[in-house]
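Protein chains: 2
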Amino acid sequence: MCELLGMNCNIPTDICFSFTGFQARGGATDVHRDGWGIAFFEGRGVRVFLDPQPSSESPVAELVRHYPIRSTNVVAHIRKATHGSVGLENTHPFMRELWGRYWIFAHNGRLDAYAPALDGGFLPVGQTDSELAFCHLLQTLRQRFPQGEPGRFTLCAALQEHAEEVGPHGPFNFMLSNGNCLFVHRSTELHYIVRQAPFAVAHLKDQDVAVDFNELTSPDDRVALIATLPLTDNETWTPLPLHTVTMFVDGERQPA
Amino acid sequence: MCELLGMNCNIPTDICFSFTGFQARGGATDVHRDGWGIAFFEGRGVRVFLDPQPSSESPVAELVRHYPIRSTNVVAHIRKATHGSVGLENTHPFMRELWGRYWIFAHNGRLDAYAPALDGGFLPVGQTDSELAFCHLLQTLRQRFPQGEPGRFTLCAALQEHAEEVGPHGPFNFMLSNGNCLFVHRSTELHYIVRQAPFAVAHLKDQDVAVDFNELTSPDDRVALIATLPLTDNETWTPLPLHTVTMFVDGERQPA
Chain W
706 MCELLGMNCN IPTDICFSFT GFQARGGATD VHRDGWGIAF FEGRGVRVFL DPQPSSESPV
766 AELVRHYPIR STNVVAHIRK ATHGSVGLEN THPFMRELWG RYWIFAHNGR LDAYAPALDG
826 GFLPVGQTDS ELAFCHLLQT LRQRFPQGEP GRFTLCAALQ EHAEEVGPHG PFNFMLSNGN
886 CLFVHRSTEL HYIVRQAPFA VAHLKDQDVA VDFNELTSPD DRVALIATLP LTDNETWTPL
946 PLHTVTMFVD GERQPA
Chain L
706 MCELLGMNCN IPTDICFSFT GFQARGGATD VHRDGWGIAF FEGRGVRVFL DPQPSSESPV
766 AELVRHYPIR STNVVAHIRK ATHGSVGLEN THPFMRELWG RYWIFAHNGR LDAYAPALDG
826 GFLPVGQTDS ELAFCHLLQT LRQRFPQGEP GRFTLCAALQ EHAEEVGPHG PFNFMLSNGN
886 CLFVHRSTEL HYIVRQAPFA VAHLKDQDVA VDFNELTSPD DRVALIATLP LTDNETWTPL
946 PLHTVTMFVD GERQPA
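Chains W and L are the protein sequences, given in the same order. In terms of our numbering, the first sequence is residues 706 to 961. In terms of our numbering, the second sequence is residues 706 to 961.
Please keep in mind that the hints were generated in silico from the structure rather than gathered at the bench. Check each hint, because a few of them may be wrong.
The calculated label-pair distances, taken between Cβ atoms and stated as ranges, are [what the hints assert, rightly or not]: (1) L/Val914 - W/Thr943: 28 to 36 Å; (2) L/Gly872 - W/Asp955: 44 to 52 Å; (3) W/Asp917 - L/Gly875: 51 to 59 Å; (4) L/Pro960 - W/Asp955: 42 to 50 Å; (5) W/Asp955 - L/Pro855: 45 to 53 Å.
The C-beta atom is built at its ideal place from N, Cα and C for all residues, glycine as well.
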């Protein structure tokens, strides 16, 4: 299995601190050695850093850890290969364009006996069930909303319906963003926390590193972090509801 | 105007040396200060590094310069904005998926009175004429070959026809790769060189850096480099034929 990390904020924020702990799980403190990737939205644009090497040994991960890219929506993934060999084309997150926006997708789980009929609008490049699921998801959205992108609550409801259809094939924890909001779906494990004023000191579980967010933030900042497992050991992470797509906008969990 | 750099090789090769000279043109020795990007194919996968900062000041460019990513097909671009503001979504190269392969595109030129009708299969995310041209090009290919990717010579002929249709709108120098081969089109300036045994010492025009490729290569290596303007001052770069799509495979220019 893999691990997911997402961030959604009301102002562009860097993810250096959280990525430090997450990166350590890619081979150093955990078994996710089969590559990693991270996508940062900046406006409508997106930067995707992928590396089939373990994140704990990757020079690209070192860059990401030290170069504060400020973003309102981030999706990251570290991989333990199940379907598909280790290779760049099988490294999450995946990117496609739909309705003139980039969409970023990462998945944790394993889908069995899953062979959706694809119409050719989106086709997988690699061999993972995850990329196949992403293509299927985007095809479903395009077919359902041929006039273009619907409002985000409509979109969230469509994703919920889609997740329920795919669910019987196996664990389908995923993160999806178009740069405006972050959709996350929990099948097995997924936790979140919202950091906002009054800010406190947070201490990583996976490395002896602490950050005092009072020194780094302004009073109006609001940052939601979503991760397979809690990243810090002195904050309260909340499990997300099972089998549910949850939407985060401007650093806030939205009502269903 | 912008500058283009492409590499096509018979075995995975790093582009550190050539990128060093190319990077300097992004703000240090030249005026291309409005961002840069580079895409590396590794098998079917691709890594795209984008930065809206000038490449001569970019930490991401420093990473690319020092971390030898070995690739058989590379496309790089430094930008002087004409259409579209400076921003990540307007930074080349652009990526889309067609027929289950990633396609990478970068453009140097300016297309005027250019408003192709798009069917929604590929839509621009940013505001550049270049990304619009890429979407138009992929749509044309998908419509023309609905059964999937044709052979590369058929593809090259279709690209030639397409380039002739777009040509009247303005300079349409471009590079396009799917990881198998590299297609380049010259409207105004485009030069190439093939390095193969016996290898020699090459010296950059834009920085006082020389490399002895004898020390870095094996006798069977063959590397084609294609650039808007020659990158070295002690080798003979050949201008490509005007208004022609040229295909490079395994480090060799293919017969038309």
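Hint check against the structure, violated hint numbers in rising order: 1, 4
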